[in-house]
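Q: This is what each chain is made of:
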Amino acid sequence: MIRTAELQFRYDKENAFSFPDLSCAKGEMLLILGKSGIGKSTLLNLLGGLMKPNHGSIQINETELVNLGTSTLDRFRGENIGIIFQKNHFIESLNVLENLLLSQKLAGAKVDKAFCLKTLETLNIQHKAKSKIRNLSEGEKQRVNIARAVVHKPKVVLADEPTSALDDENCAKVVELLRTQAQEIGAALLIVTHDTRLKNIVEKQIVLS
Amino acid sequence: MNLFKLAWKNIVSNPWSLLLNIILFALGIGLISFLLLFNDQVKDKFEKNLADIDMVIGAKGSPLQMILCGMYHVDNPTGNIKLEHARPFLNPKHPLIKRAVPLSLGDNYRSYRIVGTTYDLLDLYNAEISYGRKWARDLEVTIGAIVAEKTNLKLGDKFVSSHGFEEDDDLAHAHAAFKVVGILKPTGTVIDQLILSNTSSVWNVHDHEDHDRDHSGDDAHDHSGNDHDSDHDHDHNHDGHDHSAHGHDGHDHDGHDHHDHKHSEHCDHDDNHHEHNLNYVENTAGLGPENIFENSNEGLLLNLDKEITNILVQFKSKKNFQALSMPRNINENTELMAASPAYQINNLRANIGVGTQALRYLALLIALVSGFSIFISLFKSLQERKYELALMRVSGASPFQLSWLILLEGLILAVVGFVVGIVVGHLASALMAGAMSDAYQYNFSSWKFGRNEGLLLIASLAIGTTAALIPAWKAYNTDINRTLSGK
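Note that the protein sequences, when read in sequence, are chains W and F. Per my numbering, residue 38 is the first one in the first sequence, and the count goes up by one each step. Per my numbering, residue -5 is the first one in the second sequence, and the count goes up by one each step.
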C-alpha cells in the first residue's frame, strides 16, 4: 500500500535527513518511533505529499508521489491519504458533521452522511454531530480528528503524535480506535511518534536514529 | 457542503464583523441609490413638464418662481398681468407664436391647484378625457387623474375652492361651488394634479370677493398678489346688478342676464351674475361653438380689463432669431416678465446638482470605506483561519478553491450589502416621495427598479471582488507545511 526507498530530505547543509526504507500493507499498522528533532514530522510531511524529497521514492497504491505535479498531487492526497495532525485544527464555522462532510467533498469522495454518522458512532461521539467545534473537549476533538482522516476512505492514514497528550488508558484507547478505523476502511496506518508507550501496543515498528 | 455554503457559514460565524460590513456597504449603496432615484425622478418630472414650452410670461419678479409656479405648480405666482398687456401674445395670428396658453391661478381644492385656462393646455400636455367631457361653462371643471384618485372626486361632484395654494377652510370661497364634468387620463405630467376650468370661473370667484369687499367698506383689494384672505359675506347688495331671477333679498343687480347659479352644499344661497358670465346650467350636453369660443384666446380677449397669471408660449420656430430674443425684448420693453423654462430649469438643476454631487462623492467615499472594511475583515479572518485553509489543502482543496472561497466571501458581503442598501435607498425615496406628495402633490415612484440598480450591482460586485483580491491571493499561496508546523 505504501512503500519508500532511499528517502532523503535536506532543509540546508546542516539539516539533512536520510530515512530508512519502509513499507506498510493494506490493513497493517506501522509505528515510526524517534526522538525530537530526528525528522519524524519531516518524514510524515514527505509521506503525506506535503513536501517533496530531494532524493528517493514514495509509492502509495503503486503511484509514485515524487512524479506528481502540484494539482495532481493535491487531488491524489485528498483521495488517498488521511492525516491526523498533532494539533486539532478544524473549520470552526462548521459543526462536527459538516467538517466530516467537507472533508469527503474536498477529497472528491462520495458525500456520505450515513457513513460519517456511523464513524462518529464508532468513535462514540455521534451525539456531538451537530455541535460546534468550540464546544468539544480535547478528547472529543481528537476523536473528530480521527474521524475526519478516515471518512473519505483513504488508502493510507498518517497519524502525527496522536497520543502525546493522553494518559496511559486513553493512549491505548486512541491507538485501538485508529486501528479499528483503519481496518474498517482497509487502509495502511502509520503512526509517527516519540511516545515509547506505543512500543508495547503496536507490533511493527521502525526506530529513527 | 459546498464552497458557497462554507463561505456563507464563515461570514455569519462572525456576526459583528458582518454587521459592520453590511451597515457600511448598505449606507454607501443606499445613499447612491437614493440619489440616483431622486435625480431620475426630478429629471423625469422636469422634462415631462417642459411640454415643449419655449417661454413663460408673467408679472415681473423672480423668473424661476414664475416657471416653478406656471409650469410645475410648486410655487406662488409672481403676480397677475393685465390681459390688455398680454393681448399681443394671445393673438392667434402672432407671426412667431404657435400656441399661447393663458393661466389664471389663485385657488385650490385640497391643495390641488385650480387653473383657469383654455383647451390649448390639454393639447400642450397631450391630455385626453377619460370620463365626462371638457369644462365648458363657468364653474365647471375637468380634473387630472391624480386629483381624481386622491380626492375621490367623481363626475357630478361639487366642491368649494379655497384661496391660495394651501388648503384653508378660513379662505374657502363658499359662495361658488365647482362641479366636476370630466376626468383626464393619466399623462405623467403636472396636468394630472390640476383642476382645470375656464378663466372666467377664476375671475368670478374672486370678483365676487371684490364685490364683498367693495360693499363692506374695505379699501383697496390687491388680488394680484394672491395673498389676500377674506371671509365671505353673502348677505350683500351688488349695485348695478339685477337679481330679479331669484329671490335674494338685498341684491340688486341691474342690467344683467340671469340664470340659475347652483352652489354646493357648502353654499347657503344661489347667486347669479351676468357680469360674471355665470351662465352655468345643469346639463351635460356636448360643447357648442360658443363654449369653444369662450375657452379660446379670442374669447378671453373680450375681457381686456381682466387679469391672468401666466402665458405658456410655444414658438413656431425654435431657431427663429426674433423668437429667441423675444424674452429679452419683453423684459426690457414691457411691464411683463418673460423667461425660458429650459434655461431656468437648467440653472436650477445646476444649483441642485452641486448639492447632489457633494452627496454623491460622500456616498462613493462611504462605498470605498466599506470596501476597505471588507478587505480588513477578510484579511483578519484569513490570519485567524490560516490553519483551516491549510487543512483544506491537506484534504484535497486546490489553491484555486481556497482563493475562490475568499472571493466568494467578499462577493457575498457585497451582494448582501447591495440588497440591504437598495432597500434602504428605496425606503428613503418612499419617505421623500411621501413628503413631496404632501407638499407639492407630485407623485414619485419609489419602487421602480431599472438600469441604475443593475449598474450598482456591478459596482458592488467590483468592490467586493477588489476587496477580496489580496486575501484571495494570500489564500492561494498558503504553504501547508509551514502553516501546520506553526513556522
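Source of the hints: derived by calculation from the structure; they are not laboratory data. Be careful, since some hints might not be right.
As the list claims (entries may be wrong) - Each computed DSS-like pair below joins lysine-lysine, with the alpha-carbon atoms no more than 27 Å apart:
id, chain 1, residue 1, chain 2, residue 2
1, F, LYS300, W, LYS169
2, F, LYS37, W, LYS142
3, W, LYS190, F, LYS(-1)
4, F, LYS(-1), W, LYS167
5, F, LYS37, W, LYS124
6, W, LYS167, F, LYS37
7, W, LYS155, W, LYS210
8, F, LYS3, W, LYS124
9, F, LYS37, W, LYS169
10, W, LYS169, F, LYS310
11, F, LYS310, W, LYS178
12, W, LYS72, W, LYS210
13, W, LYS190, W, LYS167
14, W, LYS190, F, LYS374
15, F, LYS374, F, LYS37
16, F, LYS3, W, LYS142
Said to hold, decoys possible - Using C-beta positions, here's what the derived DEER-type ranges look like:
id, chain 1, residue 1, chain 2, residue 2, range
17, W, ALA209, F, TYR470, 55 to 65 Å
18, W, LYS167, F, ASN146, 38 to 48 Å
19, W, ASN98, F, LEU455, 38 to 48 Å
20, F, THR460, W, LYS89, 33 to 43 Å
21, W, ASN98, F, ARG445, 34 to 44 Å
22, F, PHE(-2), W, ASN52, 35 to 45 Å
Beta carbons: idealized from backbone N, C-alpha and C, even for Gly.
Q: Could you run down the list of hints and mark each one as holding or not?
A: Against the structure, the hints:
As the CA atoms of LYS300 (chain F) and LYS169 (chain W) are separated by approximately 86 Å, the hinted pair breaks the 27 Å bound. About 54 Å separates the Cα atoms of LYS37 (chain F) and LYS142 (chain W), which puts this hinted pair outside 27 Å; it is violated. In summary, the hint linking LYS190 (chain W) to LYS(-1) (chain F) is supported, as the alpha carbons are separated by about 24 Å, within the 27 Å threshold. In summary, the hint linking LYS(-1) (chain F) to LYS167 (chain W) is supported, as the alpha carbons are separated by about 16 Å, within the 27 Å threshold.
In summary, the hint linking LYS37 (chain F) to LYS124 (chain W) is not supported, as the alpha carbons are separated by about 64 Å, beyond the 27 Å threshold. Taking the CA atoms of LYS167 (chain W) and LYS37 (chain F), the gap is near 56 Å; set against the 27 Å cutoff, the hint is violated. With a C-alpha separation of about 18 Å, the suggested pair LYS155 (chain W) and LYS210 (chain W) falls inside the 27 Å cut-off, and the hint holds. A threshold of 27 Å between alpha carbons decides the hint, and for LYS3 (chain F) with LYS124 (chain W) the separation of about 23 Å falls inside it, so the pair holds.
The hinted pair formed by LYS37 (chain F) and LYS169 (chain W) fails the criterion: a straight-line CA distance of about 54 Å is larger than 27 Å. For the proposed pair LYS169 (chain W) and LYS310 (chain F), the alpha carbon gap of about 79 Å is over 27 Å, so the pair is violated. A hinted pair counts as satisfied when its Cα atoms are at most 27 Å apart, and LYS310 (chain F) with LYS178 (chain W) does not qualify at roughly 88 Å. Note on LYS72 (chain W) and LYS210 (chain W): the hinted pairing holds, with a Cα-Cα distance of about 23 Å set against a maximum of 27 Å.
Our distance criterion of 27 Å between C-alpha atoms is met by LYS190 (chain W) and LYS167 (chain W), whose separation comes to about 22 Å. Restraint check: the Cα-Cα separation between LYS190 (chain W) and LYS374 (chain F) comes to about 34 Å, which exceeds 27 Å; the hinted pair is violated. Annotation: proposed proximity of LYS374 (chain F) to LYS37 (chain F) is violated, straight-line Cα distance about 44 Å (limit 27 Å). Only pairs whose Cα atoms come within 27 Å are accepted, and LYS3 (chain F) paired with LYS142 (chain W) is accepted, the gap being roughly 16 Å.
Between ALA209 (chain W) and TYR470 (chain F), the C-beta spacing of about 42 Å breaks the proposed range 55 to 65 Å. A hinted range of 38 to 48 Å for the beta carbons of LYS167 (chain W) and ASN146 (chain F) is inconsistent with their spacing of about 58 Å. At about 43 Å, the beta-carbon gap between ASN98 (chain W) and LEU455 (chain F) stays in the expected band of 38 to 48 Å. Distance hint check: the CB atoms of THR460 (chain F) and LYS89 (chain W) are about 35 Å apart, consistent with the given range 33 to 43 Å.
Checking the proposed 34 to 44 Å range against ASN98 (chain W) and ARG445 (chain F) shows it is violated: the Cβ atoms sit about 57 Å from each other. Distance hint check for PHE(-2) (chain F) and ASN52 (chain W): the Cβ-Cβ separation is about 43 Å, which falls inside the suggested range of 35 to 45 Å.
Consistency note: the structure conflicts with the earlier hints numbered 1, 2, 5, 6, 9, 10, 11, 14, 15, 17, 18, 21.
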